[in-house]
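Q: What follows is each chain in one-letter form.
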Amino acid sequence: MQVFKAFFKVLKRNSFTAIVFIGVFLLLALMISDGKAEVTIFALDAKKVSVFDEDDSPESRKFVEMLGEKFEIVDIRNDRDIITDMLYYEQIDYAFVINRGWSEKLAAGETDGLFTSYKMHDSYAKVIVEQCLDDYVTAVNVYTAAGMSLDKAMDCAGEDILVETDVTIEKFGDDNKDFTPMFAAYYRYLPYIFISAILSALCPVLMIMNRKDIRFRTNCSSVDANSYTMQIFAGGAVFVLAVWLIFIGAGVYMYGGIFRGKAWTALLNSGLFALITTALAVLVASVIDSQKILTLIVQILGLGMSFLCGIFVPQSMLGDSVNAVGRFLPAYWYVRLNEMLCGDRLYSTGKAMACLLIEAAYAVTLVLVTVLIRRVRYSGAHKMTAAKA
Amino acid sequence: MENTVVKIDNLVKRYGELIALDHFSLEIKQGEVFGLLGPNGSGKTTTINCLLSLLAFDKGTIEIFGKPMSPTAYDIKKNIGVIMQNVAVFDELTVYENIDYFCGLYITDKAERRKYVEDAIKFVGLEDFTKFYPKKLSGGLLRRLNIACGIAHKPKLIILDEPTVAVDPQSRNRILEGIQELNRNGATIIYTSHYMEEVEQICSRIAIMDKGRKIAEGTKDELKRMIKNTETIIIEVAGLSDEIRAKAAALPHVYDTEYDGQKLTVYCSGGKHNLIRVLGVLQENDISFGRVFSELPTLNDVFLEITGKALRDKEE
Amino acid sequence: MFLHNLFYDLKTSLRTKDLIIWLMVFPLALGAFFKFAFDSIYEETTKFSTVDVAVVDEAGDKAFRAVADGMAASDEPLLNVTYADREEALELLKKEEVKGIIFTGDELTLSVGYSDIEQAVLKSFVEEYNLRIRMIERAAAQDPAAAMKAAALISEKVSAVNEEPLTDGNPDYMVQYFYNLLAMVAMFGIMNGLHITEINQANISALGARKSCSPSPKLVSICSALTAAYIIQTVCMVLSVTYLRFILRVDFGSSLPLIYLTSALGGTVGVSMGFLIGSISFLSQKAKESLTVAFSLLLCFFSGLMVENMKMNIEQHIPWFNRINPAAVISDSFYCLNIYSDYSRYSEKVLTMAAFTVFFALLGFVFTRRKKYASL
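Here the protein sequences come in this chain order: A, B and C. The opening position of the first sequence corresponds to residue 13 in my numbering, with each subsequent residue numbered one higher. The opening position of the second sequence corresponds to residue 2 in my numbering, with each subsequent residue numbered one higher. The opening position of the third sequence corresponds to residue -14 in my numbering, with each subsequent residue numbered one higher.
Calculated from the structure, these hints are not laboratory results. Being a predicted model, the structure only gives us computed values, none of them experimental. Just so you know, not all the hints are guaranteed correct.
[Stated by the list, open to error] Restraint-style ranges between C-beta atoms, simulated for each label pair: (1) A:Ile31 with C:Phe344: 23 to 33 Å; (2) A:Arg229 with C:Lys(-4): 26 to 36 Å; (3) A:Ile181 with C:Thr67: 46 to 56 Å; (4) B:Gly42 with C:Ser332: 56 to 66 Å.
[Stated by the list, open to error] Distance condition first, Cα-Cα at most 27 Å in a straight line; then the derived DSS-like pairs of lysine-lysine: (5) B:Lys8 with B:Lys30; (6) A:Lys131 with C:Lys20; (7) C:Lys(-4) with B:Lys116; (8) A:Lys59 with C:Lys142; (9) C:Lys20 with A:Lys304; (10) B:Lys123 with B:Lys111; (11) A:Lys363 with A:Lys24; (12) A:Lys224 with C:Lys108; (13) A:Lys138 with C:Lys271; (14) B:Lys157 with C:Lys20; (15) B:Lys8 with C:Lys357; (16) C:Lys357 with B:Lys79; (17) B:Lys137 with C:Lys(-4).
Backbone N, C-alpha and C fix where the C-beta goes; we use that ideal spot for every residue, glycine too.
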């Protein structure tokens, strides 16, 4: 137990670092999920459109009003730089001008050059909005050709455009009111947060415990090498448990309320991932010995895994090749389960269990690898004599 | 030609409540090997750091080479060599590069510097290790590198702050001889230590510090003269009666005796032939005795008598 | 004296091999991950692929079947249709063998398991189909004679929209992750900056104490250390840009020399910031290290490294923060170079960075001017 106790004494002396990182990442966790939770799945979402009405006729105003019911009209200044920024950063999906003379052309059945759009990305949103504009013009033409007045034709075309197609989301199994999208978003980012916060806070302590002179001294003592490693793991695990509780507590406070149904699975999921992170921290601290290098490695692990496993970008948007690589990283399975739980992916108990089991396997593997590495790195002499004997 | 090299006047340094230096004054003349002796925490290093203008102090003045010392007194700094308690070298540079780097902060001419660096390497005996990185050096060699970095520019005043801590006897002797050689070549030396043997061995003048105060100053002999004790006689003798012990205590110049059943200790102050007189008492009473020691006072006795405690803690 | 110091400062920095290596590995590895992940995003989101769909056609809608069959005959069919009854279709959906179920009837309706791009494609197909049906019905109701004419008009391809490109640069949205990655590499110049005070301040290291005792003025030794850190950081930045541009083939737009210049300048901002933080004397070196890392991560977060719309969120609520967040300024200047054809906004960003560098460095000098310490 000496090692275990010493671990906490060292931790106490280094609590400043730990508190800074846990604090910062707690803040990040809340801000990320807050920022992301507003964005529901983009594809079926209302499109954000900016319109600049240069025709400014009663007809064009009427058209804009109708569009306002179909899309979310975002009012921005008609400034090229602003439009560029808004489009580039996808704050709006589409920006277009109703050209001067629009109403006359529409009345005359002309279709060319009615609108001018500002082009940035070739996105789905753009296709959908443009399709809608074309459909509207087609409808007006069809109806005027059938003998309606322009005014009547516009009314009818508007009605047609505004009819929403009925899309049912089929639920297999129970619905996800126990695990709200906000809550799910918070949980989605936890792997990034755990890796960054726990590695940044825990590894410096472990690195002190692993320092050569201390290690040599410990190796000379009667503590068994495996017991030493296990005590380190135990110390790390207790610390991580505390960190985990902080983050879970923050999540409950912000979004969740009481855990019900699937939320418990999500909780188990995050707990397993915290364990994986503990093992990872012990592993990393066994291989490196510099604070600065730790920073860089944490970034590579945290950000790298986040991008490859669908934490920052949903897995469905990543290509098959990326997901194929992601499969070899534990965060992939975490995210997969989380997506299942919140309904972004079909849920089945078997698949959920598989994810949890794979994560557990990662935790065990990491612990074994760490024990092995520590044996090779730290007790070379011991191993050699053992081999001779 | 006894020019004053260092003059510290009425120096006071506080760390909050703790008074690290309490109206400390000191004068060091050119050509001296000046020892600052005192137990751990007596203020030796603080004195050095104030002297070097690294540490801000609350009161007092410091002059070096007759000019007030300040952080920007580069003309003064040019002539000072410093060897700190902690090894201060770049792990990323080799032995040669380290010495060259620090020497280069003083000597800008390249050809001249090369000679200086080579001299320094020879001086500390690191000729075989010039391409080594500090991490590969043993403790003693590392200390020697530390010294070489401090003295390569041939300074007129060399300040050594416990340079022999954790050094093997061989390296230690080499370092001490080196310091004396530097002194013979004309450098004034300030040497701090809590090893009284070292200080006795090489220092021409000594100040003893305790709790931030200077409690005594002078040459070795002057210091020893300051105390009552001039000779301590220890005789291994068994079964001594109180009567005979009283006779010994009554001898002239004897001011105290101790007896623990095995050893008789007689403290004398002044006078000659004290040993013969004490042995005479034993002979008169036909008492046989074993080994006999007569010890002249050490700096430890000086310190002990002035402060009432030993210079070094028991465990050291 | 300056050159002597600079020579050795560079030498020591270069010999701290593992830090340099990791400082390089970090953008290389993350850059490769980004590239790998984002290239496929482009494929996933913009390249059409056939969507598997089940159709429950209980009424036997001939018109729909005609459309569906016509589509299946084309080279790159939009839909791959499986006809099934309701139960079978639901089973297929559950097994994710189809992305959605289309029910025929008066109007088409759609069922999906969850919402995603393929589902959006299905939705837009269904809407389009329904709309056309409605148009024909309405036109026929108005004037039965005109129904044929209306049908002809409907099938005519209308393009009412003319496009006006906003930029000659690379509009790829994902490039901004690389901007932010470069901004992060620049921010990690903070570590190089911290080192400057570490080796020069007597109260931080024994080395600093020794240097302080030498006749080499502090201004000189700090200037040389700062210069060395700038050089190292610039090399890092240049290598990162070169790697991203020429090995990963990230398209930064046309003005590559200015991209190099910007990244170098960004690096100096990071180094100066580290120098400034290092010169704050009341913090321990360890505290400084963890604070700076946490701080730079936060800055990168606010400039959008983790969540891409963060910068615009901030632009809407606290726009001044984007002007002074060094990470945002750095990534913004890459963006301006790429997207805008005139340089006014870019030069504004460059001036900001230059001002930051000078301001941080000057402030750092003021703080390190202190020559004596209360305790060592």
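Q: Would you mind marking each hint as holding or not holding in the structure?
A: Structure-based check of all given hints:
Hint check: Ile31 (chain A) to Phe344 (chain C), Cβ distance near 30 Å, so the stated range 23 to 33 Å holds. Between Arg229 (chain A) and Lys(-4) (chain C) the beta carbon distance is about 34 Å. The supplied range of 26 to 36 Å therefore holds. The hinted range of 46 to 56 Å is not satisfied by Ile181 (chain A) and Thr67 (chain C), whose Cβ atoms lie roughly 20 Å apart. One distance hint, 56 to 66 Å for the beta-carbon pair Gly42 (chain B) and Ser332 (chain C), holds here, with the actual separation near 60 Å.
The hinted pair formed by Lys8 (chain B) and Lys30 (chain B) meets the criterion: a straight-line CA distance of about 9 Å does not exceed 27 Å. Proximity of Lys131 (chain A) to Lys20 (chain C) is assessed by CA-CA distance (about 24 Å); at most 27 Å being required, the pair is judged to hold. Our distance criterion of 27 Å between C-alpha atoms is met by Lys(-4) (chain C) and Lys116 (chain B), whose separation comes to about 22 Å. Distance check on the hinted pair: Lys59 (chain A) and Lys142 (chain C) sit about 23 Å apart at the alpha-carbon level, within 27 Å; holds.
Between the alpha carbons of Lys20 (chain C) and Lys304 (chain A) the distance comes to roughly 25 Å, so the proposed pair stays at or under 27 Å and holds. Taken as a hint, the Lys123 (chain B) and Lys111 (chain B) pair is honoured in the structure, with Cα atoms around 18 Å apart against an allowance of 27 Å. The hinted pair formed by Lys363 (chain A) and Lys24 (chain A) fails the criterion: a straight-line CA distance of about 41 Å is larger than 27 Å. Distance hint between Lys224 (chain A) and Lys108 (chain C) is unfulfilled; the C-alpha atoms sit about 63 Å from each other, more than 27 Å.
For the hint pairing Lys138 (chain A) with Lys271 (chain C), the CA-to-CA distance comes to about 51 Å; that exceeds 27 Å, so the pair is violated. Straight-line distance between C-alpha atoms of Lys157 (chain B) and Lys20 (chain C) comes to about 62 Å, which puts the hinted pair past the 27 Å bound. Taken as a hint, the Lys8 (chain B) and Lys357 (chain C) pair is honoured in the structure, with Cα atoms around 19 Å apart against an allowance of 27 Å. A hinted pair counts as satisfied when its Cα atoms are at most 27 Å apart, and Lys357 (chain C) with Lys79 (chain B) qualifies at roughly 18 Å.
For a cut-off of 27 Å, the pair hint linking Lys137 (chain B) to Lys(-4) (chain C) stands: about 19 Å separates their Cα positions.
Hint compliance for this structure: hints 3, 11, 12, 13 and 14 are not met, and every other hint is.
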